[in-house]
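K.L.:
In my numbering, the protein residues as written are 19 to 283.
Because the hints were derived from the structure by calculation, they are not lab data.
Wrong hints could be hidden among the right ones.
[Unchecked claim] 27 Å max Cα-Cα, derived BS3-like pairs, lysine-lysine:
(1) K239 <-> K102
(2) K76 <-> K100
(3) K100 <-> K239
(4) K262 <-> K152
(5) K76 <-> K229
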Amino acid sequence: MKNSIDRSVLKFWDEKEARLEAAHLLDQMNLVMNEQSKQVTPFLSFAMREWTESVLRKEHLPYLAEGGFPETERVRIVIGPKGKILDVRDSQISLLWVRPTDPRAQLEHRQILGSLMGLGFRRDVFGDIQAGLKGYYIATTLEIAPFLLNQWTQSGRERIKVTLFEGQPDLLPDLGEERRITVNSSRLDAVIASAFRVSRGTAQEWITQGKVRREGLVVCKADVEVQPDNMISCRGYGRIKLLKRSETRKERIAWQIVLFRSKRQ
19 MKNSIDRSVL KFWDEKEARL EAAHLLDQMN LVMNEQSKQV TPFLSFAMRE WTESVLRKEH
79 LPYLAEGGFP ETERVRIVIG PKGKILDVRD SQISLLWVRP TDPRAQLEHR QILGSLMGLG
139 FRRDVFGDIQ AGLKGYYIAT TLEIAPFLLN QWTQSGRERI KVTLFEGQPD LLPDLGEERR
199 ITVNSSRLDA VIASAFRVSR GTAQEWITQG KVRREGLVVC KADVEVQPDN MISCRGYGRI
259 KLLKRSETRK ERIAWQIVLF RSKRQ
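Just need the whole structure built from these sequences, with the hints factored in.
P.N.:
What follows is the structure, encoded as structure tokens:
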């Protein structure tokens, strides 16, 4: 007897296009359960990623989200059978480096995306498009990378050079916003709530939903004490760099932080 996820979860989506996309993702999950084989999704928007991960957690299916960049919004999700070890290479992502042939010219995000759509591709075969110190970096699927390397020669009015990039991309630095926050304790939930100006309950939800990482590792406990130099990332909202801890005259704890807000905010 074949296993099948209850399709009533599709009612979450009101728009027909989103519901069709979600239905395809359910089909992939069912394949994993019935054929014991790995599946990799297209690149998902932040909202679709959130929904997909909630279904996967409910079904206790192992998964790995990867977008090609250290901090990324659009990701592919690798889904595996229970007990299967997943590897980042299973995401089948290629990173392309794009720059103008004219060193005086400058490319723009919308210009690059528009030219890619003009080639007839769907948005879900591309991940994030991030600015580098020179040119742009684009996450795409392994399948279409060869075509882009050979055929994509122009973005807007600019002639471009496209190469496969391996290693750590040289992205434009995000300087962030330095500020001072005060909290009753250095618990993770308290610091997140104060930094992002949300309720303590909201911060705890982010933690229990697996959205919070400290130094790249998921943190599941809200009462974890943070330390100077910690980097806290809250998926979809941004990152917090903890600089210095001190005490106020009213015996509260003050933290000097740098807040990096997500580009989707």
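K.L.:
Each hint should be assessed against the structure and marked as holding or not.
P.N.:
Taking the hints in turn, this is what the structure says about them:
Distance check on the hinted pair: K239 and K102 sit about 25 Å apart at the alpha-carbon level, within 27 Å; holds. Simply put, K76 and K100 have alpha-carbon atoms about 13 Å apart, close enough for the 27 Å limit, and the pair holds. Using a Cα cut-off of 27 Å, the hinted pair K100 and K239 holds, with the two alpha carbons roughly 24 Å apart. For the hint linking K262 to K152, the alpha-carbon distance of about 33 Å lies beyond 27 Å, and the restraint is violated.
This hinted pair checks out: K76 and K229 have alpha carbons roughly 16 Å apart, not beyond 27 Å.
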